[in-house]
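Novice: If you want the building blocks of each chain, they are given just below.
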Amino acid sequence: MDETVAEYIRRTVLKIPRDEIKMMLQKWDFLSEAQLQTVNFHQIKDNISQEVVQLCEENSADIKQAAVLDIIYNHIYQNKRMWSVYQMRKTGEELEYFDLTDFKKKFKRRLRSALKNVTITFREYEDNAIWIRVAWGTPYRQPNQYKPSYVVYHSQTPYVFISASVLKSNLPLLCQALIIASNYHEIREMELRSHSLNSLKDIVFKRYSQNFQTYCPKPLQGRTVEPESVDLRIIHENKSEKERIQRLNQEVFGNGPQPILQFAQYKLETMFKSSPEMDVLDKKEPFRCLVKFSSPHLLESLKSLAPAGMADAPLSPLLTCITQKARNYFRIREKKGLFPDSFVSP
Amino acid sequence: MAAMAVESAEDGAARTLPSLGRLSRGLPFGRAYGRLGNSPSGRLILPAPLSQESGDPQRTALLLRKAWTLYSVTPLYRFCRGRLRDYARLLGAFIAAERQKGLAVEVGVELDIKVALSSLPELQGSEQDQPAVLVQLSSRSRASPKNSEDKILWSGCFCCVYGDDLSENMPEDFTCLPLFLANGAESYMSVVGNWFQKTFDCIFRRLAISPFSLTWMVAMWTGCKVDKATSGVELVFSVPRLPQPLDISYAIHPEDAKALWDTIQKTPGEITQEEVDVFMDCLYSHFHRHFKIHLSATKLVKVSTAIASAHCDGIVKMLHSQYLSGVLMLLTELAISQIQ
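Protein chains in written order, with our numbering: chain A, 1 to 346; chain B, 347 to 686.
Think of the hints as simulated: they come from the structure by calculation, not from any bench. Heads up, some of the hints might be wrong.
[As the list claims (entries may be wrong)] Taking lysine-lysine and the BS3-like style, the derived pairs with C-alpha atoms no more than 25 Å apart in a straight line are:
no., chain 1, residue 1, chain 2, residue 2
1, A, Lys239, B, Lys638
2, B, Lys604, A, Lys284
3, A, Lys267, B, Lys574
4, A, Lys273, B, Lys604
5, B, Lys460, A, Lys273
6, A, Lys267, B, Lys645
7, A, Lys206, A, Lys325
8, A, Lys80, A, Lys90
9, B, Lys663, B, Lys648
10, A, Lys206, A, Lys147
11, A, Lys64, A, Lys22
12, B, Lys612, B, Lys638
13, A, Lys15, A, Lys64
14, B, Lys638, A, Lys267
15, B, Lys638, A, Lys284
16, A, Lys292, B, Lys638
17, B, Lys612, A, Lys284
18, B, Lys460, B, Lys412
19, A, Lys292, B, Lys663
20, A, Lys106, A, Lys147
21, A, Lys292, B, Lys544
22, A, Lys284, B, Lys574
23, B, Lys645, B, Lys604
24, A, Lys64, A, Lys116
25, B, Lys574, B, Lys460
26, A, Lys45, A, Lys104
27, B, Lys412, A, Lys273
28, A, Lys335, A, Lys284
29, A, Lys242, B, Lys638
30, B, Lys571, A, Lys284
31, A, Lys292, B, Lys645
Could you put together the complete structure from these sequences and hints?
Specialist: This is how it looks when you write it as structure tokens:
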């Protein structure tokens with residue numbers, strides 16, 4: 001077995017939390033159950049990985065098999081990576097029958113003709129997701145197995161999720177190979193990025209709980225517990241305001257769990273406006289700002305701002321349109337003409 | 347937390363001074379007045395310190411572009427500037443002893459730690475200020491060859507820039523160096539701090555920067571003239587107490603921020619509390635117009651400009667040599683507030 005393959009397998013095993021190594025090796029299905037029985041999975045990881053490498057040596061593992069183990073790891077720990085969303089378009093209307101073999105063949109052919117040295121690995125999952133792992137080399141260098149790109153493609157949809165490695169120069173080639181293989185004509189990057197792959201899928205496949213305008217939810221009963229107070233008038237006002245906020249929040253965000261995004265970024269190129277009595281800046285050029293919101297769970301966080309008193313309800317459409325517009329990068333310019341106070345997002 | 351006690355209005359007269367950064371050849375005609383933001387009439391900006399022309403700019407360059415953790419230090423008792431070499435030796439022995447006890451620092455690597463103390467006369471404001479004292483811990487691994495360069499493990503700097511309020515009525519035996527900057531591992535800071543506290547009967551305390559002070563800093567620094575604005579004016583807000591915490595970064599193009607500030611600031615060389623408030627209100631309302639979020643209800647945790655950046659935990663980075671002493675002057679004042 002090639003020593004670079006051995007080292008790669010060793011490092012991949014080391015990444016896996018100790019309690020999960022056996023399970024992942026079983027999923028990998030490269031070592032027999034009998035072989036796995038010989039490994040002591042309770043010792044330190046360094047030793048476990050050495051034993052695994054030895055077993056792989058017995059089975060003469062090559063890089064192709066090692067790559068499969070890597071896909072398995074990244075499929076389970078997909079949220080460690082940052083995913084971008086791409087949308088493909090074709091001009092014709094016909095829904096062609098998707099042929100997986102044909103897809104793989106065309107994809108490999110396109111990449112190999114450009115870059116002789118690439119490692120391409122496919123793995124299909126139950127939810128119709130095709131995972132592709134590409135390790136990039138050059139005509140003169142072996143592929144770098146430690147910085148691969150991952151692609152997740154649901155063949156029934158025009159969407160592709162890509163977690164590119166640092167080597168961004170390979171992106172155009174990757175995109176080209178994708179459209180050729182899937183019989184599309186164009187591909188464009190959407191302004192949507194997150195660590196949570198499932199949330200991205202929820203957003204573009206519209207799997208989050210939709211907010212239907214025709215549905216009039218009842219005011220929430222018993223959600224907020226108000227402390228008893230002597231002055232009934234005060235409680236009543238507060239309660240109705242809180243209910244109003246909850247209702248507006250629900251209209252905008254829906255009832256179900258929000259897709260998980262980590263940030264939203266707005267490039268503002270609007271005019272600065274102040275109240276007339278403030279004798280301040282009145283330029284004819286935009287007041288250029290860059291605003292970035294970050295949170296482990298951005299949409300939940302934004303949803304809680306109005307109830308916490310930090311924001312007005314309803315929240316600005318710039319924030320509430322994230323899911324519906326399927327983007328978290330925006331460029332906001334002043335809308336010209338009749339309504340100088342409204343904004344346009346391209 | 348540096349508590350900003352609001353003192354009664356001393357006078358309504360605003361004084362005009364040359365603006366920050368202009369070298370003044372003679373004595374400045376005006377002095378730092380009151381605590382940061384305390385005097386409702388105004389906050390005066392001082393000219394560059396007298397000793398800027400002398401000294402080696404290289405030596406102050408070591409303060410730039412590093413993240414410094416701030417401390418306030420009470421006056422040092424019987425600190426003798428002529429004995430810096432002795433102190434270095436004693437501190438070195440102390441550190442070695444602590445390491446023997448197993449109390450300090452890096453595990454594994456065999457290190458000889460060398461201590462150096464030096465004076466930095468370039469860093470002082472008025473004639474009354476004590477020149478800064480630089481403490482550096484460097485190491486040479488026993489494994490590496492004899493003539494290899496020492497690696498600086500940790501740096502600390504005592505300084506005082508326009509600290510007259512503190513040093514004015516100080517008895518002879520005391521040396522006023524109220525501001526301490528530390529860069530490097532916390533464990534070294536702990537050992538060095540302990541030695542100074544024991545030896546000179548002083549107290550080190552972490553210096554936090556309140557959101558109030560941060561707004562002054564961002565307003566002041568936005569107004570500073572820089573040749574080419576390389577970085578924008580950024581304010582970072584935090585909303586920790588939500589079910590999911592939220593951070594908001596609000597960055598403004600440096601030219602636009604300065605243009606806004608220039609229309610607000612009425613008198614060059616002088617800033618008033620009202621002007622700072624208007625500046626912040628403008629930024630808040632522009633933000634609210636777009637997002638309907640009240641930034642004023644959140645916590646301002648960090649401000650960043652081409653001059654310097656400051657974090658509420660008391661961590662600053664100074665980026666522009668011309669304004670170095672101006673920034674240190676502000677920080678000295680914060681330190682003095684915490685001591686008194």
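Novice: Hint by hint, note whether the structure agrees.
Specialist: To see whether the hints hold, each was checked on the structure:
Of the supplied pair hints, the one linking lysine 239 of chain A and lysine 638 of chain B holds, its CA atoms being roughly 22 Å apart against a limit of 25 Å. Restraint check for lysine 604 of chain B and lysine 284 of chain A: the C-alpha separation of about 15 Å stays at or below 25 Å, so the hint holds. At roughly 22 Å between alpha-carbon atoms, lysine 267 of chain A and lysine 574 of chain B fall within 25 Å of each other, so this suggested pair holds. Between lysine 273 of chain A and lysine 604 of chain B the alpha-carbon distance is near 16 Å, which keeps this suggested pair within the 25 Å criterion.
A hinted pair counts as satisfied when its Cα atoms are at most 25 Å apart, and lysine 460 of chain B with lysine 273 of chain A does not qualify at roughly 58 Å. A distance of roughly 22 Å separates the Cα atoms of lysine 267 of chain A and lysine 645 of chain B; the hinted pair therefore holds under the 25 Å criterion. In summary, the hint linking lysine 206 of chain A to lysine 325 of chain A is supported, as the alpha carbons are separated by about 10 Å, within the 25 Å threshold. The hinted pair formed by lysine 80 of chain A and lysine 90 of chain A fails the criterion: a straight-line CA distance of about 32 Å is larger than 25 Å.
A threshold of 25 Å between alpha carbons decides the hint, and for lysine 663 of chain B with lysine 648 of chain B the separation of about 11 Å falls inside it, so the pair holds. For the hint pairing lysine 206 of chain A with lysine 147 of chain A, the CA-to-CA distance comes to about 31 Å; that exceeds 25 Å, so the pair is violated. Note on lysine 64 of chain A and lysine 22 of chain A: the hinted pairing holds, with a Cα-Cα distance of about 20 Å set against a maximum of 25 Å. Between lysine 612 of chain B and lysine 638 of chain B the alpha-carbon distance is near 30 Å, which puts this suggested pair outside the 25 Å criterion.
Restraint check: the Cα-Cα separation between lysine 15 of chain A and lysine 64 of chain A comes to about 19 Å, which is no more than 25 Å; the hinted pair holds. Among the hinted pairs, lysine 638 of chain B with lysine 267 of chain A is consistent with the structure: their alpha-carbon atoms are about 16 Å apart, no more than 25 Å. For the hint pairing lysine 638 of chain B with lysine 284 of chain A, the CA-to-CA distance comes to about 24 Å; that is within 25 Å, so the pair holds. Only pairs whose Cα atoms come within 25 Å are accepted, and lysine 292 of chain A paired with lysine 638 of chain B is accepted, the gap being roughly 15 Å.
This hinted pair checks out: lysine 612 of chain B and lysine 284 of chain A have alpha carbons roughly 21 Å apart, not beyond 25 Å. Among the hinted pairs, lysine 460 of chain B with lysine 412 of chain B is consistent with the structure: their alpha-carbon atoms are about 21 Å apart, no more than 25 Å. Simply put, lysine 292 of chain A and lysine 663 of chain B have alpha-carbon atoms about 22 Å apart, close enough for the 25 Å limit, and the pair holds. Note on lysine 106 of chain A and lysine 147 of chain A: the hinted pairing holds, with a Cα-Cα distance of about 23 Å set against a maximum of 25 Å.
The hinted pair formed by lysine 292 of chain A and lysine 544 of chain B fails the criterion: a straight-line CA distance of about 46 Å is larger than 25 Å. Our distance criterion of 25 Å between C-alpha atoms is met by lysine 284 of chain A and lysine 574 of chain B, whose separation comes to about 22 Å. Using a Cα cut-off of 25 Å, the hinted pair lysine 645 of chain B and lysine 604 of chain B holds, with the two alpha carbons roughly 23 Å apart. Under the criterion of a C-alpha separation no larger than 25 Å, the hint pairing lysine 64 of chain A with lysine 116 of chain A is consistent with the structure, at around 16 Å.
A hinted pair counts as satisfied when its Cα atoms are at most 25 Å apart, and lysine 574 of chain B with lysine 460 of chain B does not qualify at roughly 40 Å. The straight-line distance between the Cα atoms of lysine 45 of chain A and lysine 104 of chain A is roughly 35 Å, outside the 25 Å bound, and the hint therefore fails. This hinted pair does not check out: lysine 412 of chain B and lysine 273 of chain A have alpha carbons roughly 37 Å apart, beyond 25 Å. With a C-alpha separation of about 14 Å, the suggested pairing of lysine 335 of chain A with lysine 284 of chain A holds against the 25 Å cut-off.
For the proposed pair lysine 242 of chain A and lysine 638 of chain B, the alpha carbon gap of about 17 Å is at most 25 Å, so the pair holds. Note on lysine 571 of chain B and lysine 284 of chain A: the hinted pairing holds, with a Cα-Cα distance of about 22 Å set against a maximum of 25 Å. At roughly 16 Å between alpha-carbon atoms, lysine 292 of chain A and lysine 645 of chain B fall within 25 Å of each other, so this suggested pair holds.
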